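Asks: Read off the chains here:
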Amino acid sequence: MQTILAVLVDDVFKPTISLPNDAKLIVFNGTEYIIYEDGDEIPAEFIGE
Amino acid sequence: MPLYKAGIIDYTWENKPSVAPLGQIICVTDIGENGILCRGDGTNWKRTSHITYYSLSGPVSLTGTTTETTLLTIPINGRIMGLRGRLVESAVFTMTNNANNKTFRAKIGGSTIATGTSSNLYSTRLDFWLLNRNSQSSQYNNNTTSFAIDTSVDFDLVITGQLANAADTLTLSALTLEAL
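Taken in order, these protein sequences are the chains called V and F.
Mapping the first sequence onto the working numbering, position 40 (from 1) lands on 40, and the numbers just tick up by one.
Mapping the second sequence onto the working numbering, position 27 (from 1) lands on 27, and the numbers just tick up by one.
Looking at chain V on its own, in the form it has when it is part of the complex (with noise of 0.2 angstroms):
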């Protein structure tokens, strides 16, 4: 699991550097980017998203 900060743009939340494309889940929480990658252990709220 790794951590993305994010920056405000425009008024528009985006990550400070690219968000990966073979990330399992990724949750924006509000304050940063919350990658998941293979053996990472899914939250139960989303799990089946």
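Simulated from the structure, these hints should not be mistaken for laboratory data.
It should be emphasised that the depicted structure is a prediction, and the values quoted were computed from it without experimental measurement.
Don't be surprised by glycine CBs; every beta carbon is placed ideally from N, CA and C.
Certain hints may be false.
To be verified - Restraint-style ranges between C-beta atoms, simulated for each label pair:
no. : chain 1 : residue 1 : chain 2 : residue 2 : range
1   : V       : Gly30     : F       : Cys27     : 38 to 46 angstroms
2   : F       : Val19     : V       : Thr16     : 34 to 42 angstroms
3   : F       : Asn15     : V       : Ile4      : 27 to 35 angstroms
Position chain F against the provided structure of chain V, taking the given hints into account.
Replies: Below, chain F alone, put in the same frame as chain V:
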């Protein structure tokens, strides 16, 4: 006969030959799901078929803010659309099923190509196409809105989401982008 026979040379979109001899076929390895074939028309390299340009691998969820947020950025190579090419996008969003609005947009630069707002739904779609009108810098979308986006240079297609209530969740569950 061997499975792979040399004869069609591999290139990337950036390093493909600047000249495109009529009838010459090349493979561009970094476009589409597993490369594409292009055929020279004497001037330019033209795609020989429709391609799946991008497929989302895993869902992207948004929660915790009411600020518009980038969910996905798809870099698109300049000239891939050609003069009369079309980008066709199909996306599925899932969301908290309540009365609060959830808004999703597809943007290129400062132009919003498509937008939708949903409430009281568990899932919905955002589908659109963008057609070059015999020019790489003049387009119509599926709502006949016109745009002047220069598709002869690299550009980004950006998908954003926005919640009316930060406690809700909006998820980009699936997305496919095709170049026709």
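Asks: If a hint holds in the structure, say so; if it doesn't, say that too.
Replies: So, going through the hints one by one against the coordinates:
The hinted range of 38 to 46 angstroms is satisfied by Gly30 (chain V) and Cys27 (chain F), whose Cβ atoms lie roughly 44 angstroms apart. At roughly 40 angstroms, the beta-carbon separation of Val19 (chain F) and Thr16 (chain V) lies within the given 34 to 42 angstroms, and the hint holds. At roughly 29 angstroms, the beta carbons of Asn15 (chain F) and Ile4 (chain V) sit within the given window of 27 to 35 angstroms.
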